[in-house]
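Listed here are the chains, written in short residue letters.
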Amino acid sequence: MSVAFGVVGVAAPSAKAGMPVLEAKSLDTRPAGFGVTPREARATAEANAAVETARREYPALRAKVIVPQYFGDQRYEVV
Amino acid sequence: MIVDVHVDGRSGRLLELWTGPQADTLLARGYDPSVGRSQNAWYVWLPLGLLFLLPFMDPRRPKRLIHLDLLVLLSFGVSQYFFNRGQIDVSVPLQCIPLAYLLVRLLLVAFRPRPSGGPLIPVVPVAWLAIALVLLVGFRITLNAIDSHVIDVGYASVFGADRVQHGEDLYQRGGDLDDTYGPIMYLAYVPFEALFPADGPSGYRAAARAAAITFDLLVIVGLLMLGSRMRRGRAGRELGIVLAYAWVAYPFSLYALQTNTNDALVGALLVFGFLAMSSPPLRAVLLGLAAAAKFAPLALAPLLLTGRRRSVRDAMLFSGVVLATVSVAVLANLPNGGLREFWDATLGYQLSRESPFSLWGLHPELAWAQIVAKAGTVLLAVAVAVWPRERDLRQLMALGAAVLIAVQLCASYWLYLYIAWFAPLALAVLISTYGSESQQQGRTFAPNRSKILSDQSYV
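As given, the protein sequences belong to chains A and B, one line each in that order. Using numbering that gives the first Met the number 0, you'd call the opening residue of the first sequence number 0 and step up by one each time. Using numbering that gives the first Met the number 0, you'd call the opening residue of the second sequence number 0 and step up by one each time.
Only chain A is shown next, with the shape it has when bound in the complex:
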C-alpha cells in the first residue's frame, strides 16, 4: 500500500540535489579566497550552544566541513 502513496513525491524538488559541493581535503588548508581554515570554521560552529545541545543529544555526531558552491560567496558549511 505504501507504494501508492509515496509516488506523489516523485515530483519532489530539492534545491540541494545536483548542486556542487566541495569537501575540505585538509582541515588546515584554506581554499583560495578564504581567510579562515576549515578547522577554525568547525571550531566556530562547535562553540555554538545549539551545536553543543545537539552533541549532547546525539553523542555519535561527527562534523564535516564542506564548501558549498551554490551560495555564490566564500563560506564553509559545517554539517
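Among these hints, one or two may not hold up.
[To be verified] In silico DMTMM-like links for lysine to aspartate or glutamate, alpha-carbon gap of 25 Å or less:
id : chain 1 : residue 1 : chain 2 : residue 2
1  : A       : Lys24     : B       : Asp7
2  : A       : Lys24     : A       : Glu45
3  : A       : Lys63     : A       : Glu39
4  : A       : Lys63     : B       : Asp23
5  : A       : Lys63     : B       : Asp7
6  : A       : Lys63     : A       : Glu51
7  : A       : Lys63     : A       : Glu22
8  : A       : Lys63     : B       : Asp3
9  : A       : Lys24     : A       : Glu39
10 : A       : Lys63     : B       : Asp198
11 : A       : Lys24     : B       : Glu353
12 : A       : Lys63     : A       : Glu45
13 : A       : Lys24     : A       : Glu56
14 : A       : Lys24     : B       : Asp3
15 : A       : Lys63     : A       : Asp27
16 : A       : Lys63     : B       : Glu353
17 : A       : Lys24     : B       : Asp23
[Stated by the list, open to error] From chain A, some residues computed to sit far from chain B (all C-beta separations above 10 Å):
id : residue
18 : Glu22
19 : Ser25
20 : Leu26
21 : Asp27
No lab work stands behind these hints, which were simulated from the structure alone. Remember, predicted model here, so these are calculated numbers, not experimental data. Just so you know, even glycine gets a beta-carbon here, dropped at the ideal spot from N, CA and C.
With chain A held as given, fit chain B onto it using these hints.
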C-alpha cells in the same frame, strides 16, 4: 543532518545555523529568491489573484459558493507566504486546509450535483476574458523568459532527455532526482532537448523553459476543448474560454511555469484523458502516459476504468491498454539492472525519502493518522469506480480531482507545484456549476440554449 552551520570563509563569523527539519532541507529555509521568483512578488501575485477572482464575483449574490471556492484556491497563498519565510511549521498546516476543503467540496459535487442558477460571468462579457486570456498568456511567457528559474525537477527532466538522445541508459543514477521520474516524462522532453541541447550554449534552461511553456499551453488548449465538451455550441466555447482564463489567471498555475517544472504535463494529460472519456482505449492511453510520467495518476485507474458506463468489454479494453502503455514505456527504457534498478531509481527512491513538507513529515508522531489517511484514500480511489452509479463528465472530473487531492493529502511530500495536477479539473468542475442564468437572460449566450445547462447537459 542534525545541525547545519554556515561560517563566513573570510571573517570566520557565524552566518546561519539550522536545526530540525530545516537543517536537512534547503527548500524549508525560505531563502531568497523564493521558489518561483517573481510569482512571489506582491505586484504579480495580488493582481493575478484579483484577475482570477473578480470576473466570477457577483455583487448581487454575495453568498455564491464560487466566491468561497476561488478564495480557497487562492488561500494556498497564505501558506506560500509562510513557506517563503521559512516558517514551515505554519505553512504546512495551512496548505492542508484548502486541500481538505477542495476534497470535500469536489466529493459533494460528485455525489450531490446541483448546477447553480447563477451566471457564469456575472459582470464582464466573456469577450473581455478572451482578450485577457491572450494577454495573460503573453504575460506568462514573457515573465518566464525574463524572470523564471529552473529547479531540479526541470533540469532532471532535460538531463534524462539528453541521456535518451545520446543512447545512454535512462536510469543510471539510482534516483537522487536525476532519474526518478517515469520514462514518459523524459521522453516528453526529448523534442525540447533536441531543439535546445543541454550541452548547447544555453545549457539545460532553454529546453526546460520551452517544455514548461508547452505543457502550460497544452493545459490551456485542453480547457478550451473541455468547455465545448461540457456544453454545446457557443455556450461551450464560452465556457472553454472562461476555464482557460481561470487557469492563466491562477497564481499557482504560474508557480509551475515560473519554476519550469514538468507538473503542468500531468495536468494536461489528465484534462485530455477526461476529454477522451467516451473512448476507453484513448483515455487508457492518456492515463497510461500520465502514470508512466509521474506514477501518481495511476490512482485514477479505477475511476477511468468504468467511466460513465459499466461495460465488461470496455473495462477489459481499458485495463489492457493502460497496462500495455505503461509496460511498453517501462520495458523499452529498462536499465541494465532490470526492473529492480528501475524500481530503486523511481518508486523505491521516492518511498524512502523524508520531507518536512507534509504534516506527516513535520510531525512523525502522526504516523498513525497518515496510515488512516492512506487507507481512506485507497478506499476512495476504488469506490469511485462504481459510486456514484450515475455520473456525468463533470462528476467524473470532480471525483478525479478529489482522488488526486486525497493522494496528495496523505503523501509525505507536498509542494505548491502539485496544485497544477488537479487545478484544471477542479476549476472545470467548480466554474461549470454556473451559467444557466446568463443564458436565460440572453446576455452572453444565445437565448435558445438555456436548456442545455440542465442536469443532463453535461456529457
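Evaluation of the provided hints:
| no. | hint | verdict |
| --- | --- | --- |
| 1 | A/Lys24 to B/Asp7 | holds, 18 Å |
| 2 | A/Lys24 to A/Glu45 | holds, 19 Å |
| 3 | A/Lys63 to A/Glu39 | holds, 13 Å |
| 4 | A/Lys63 to B/Asp23 | holds, 14 Å |
| 5 | A/Lys63 to B/Asp7 | holds, 16 Å |
| 6 | A/Lys63 to A/Glu51 | holds, 15 Å |
| 7 | A/Lys63 to A/Glu22 | holds, 8 Å |
| 8 | A/Lys63 to B/Asp3 | holds, 10 Å |
| 9 | A/Lys24 to A/Glu39 | holds, 14 Å |
| 10 | A/Lys63 to B/Asp198 | violated, 33 Å |
| 11 | A/Lys24 to B/Glu353 | violated, 29 Å |
| 12 | A/Lys63 to A/Glu45 | holds, 11 Å |
| 13 | A/Lys24 to A/Glu56 | violated, 28 Å |
| 14 | A/Lys24 to B/Asp3 | holds, 19 Å |
| 15 | A/Lys63 to A/Asp27 | holds, 14 Å |
| 16 | A/Lys63 to B/Glu353 | holds, 21 Å |
| 17 | A/Lys24 to B/Asp23 | holds, 23 Å |
| 18 | Glu22 | holds, 14 Å |
| 19 | Ser25 | holds, 15 Å |
| 20 | Leu26 | holds, 13 Å |
| 21 | Asp27 | holds, 14 Å |
Of the hints listed earlier, those the structure fails to meet are numbers 10, 11 and 13, in rising order.
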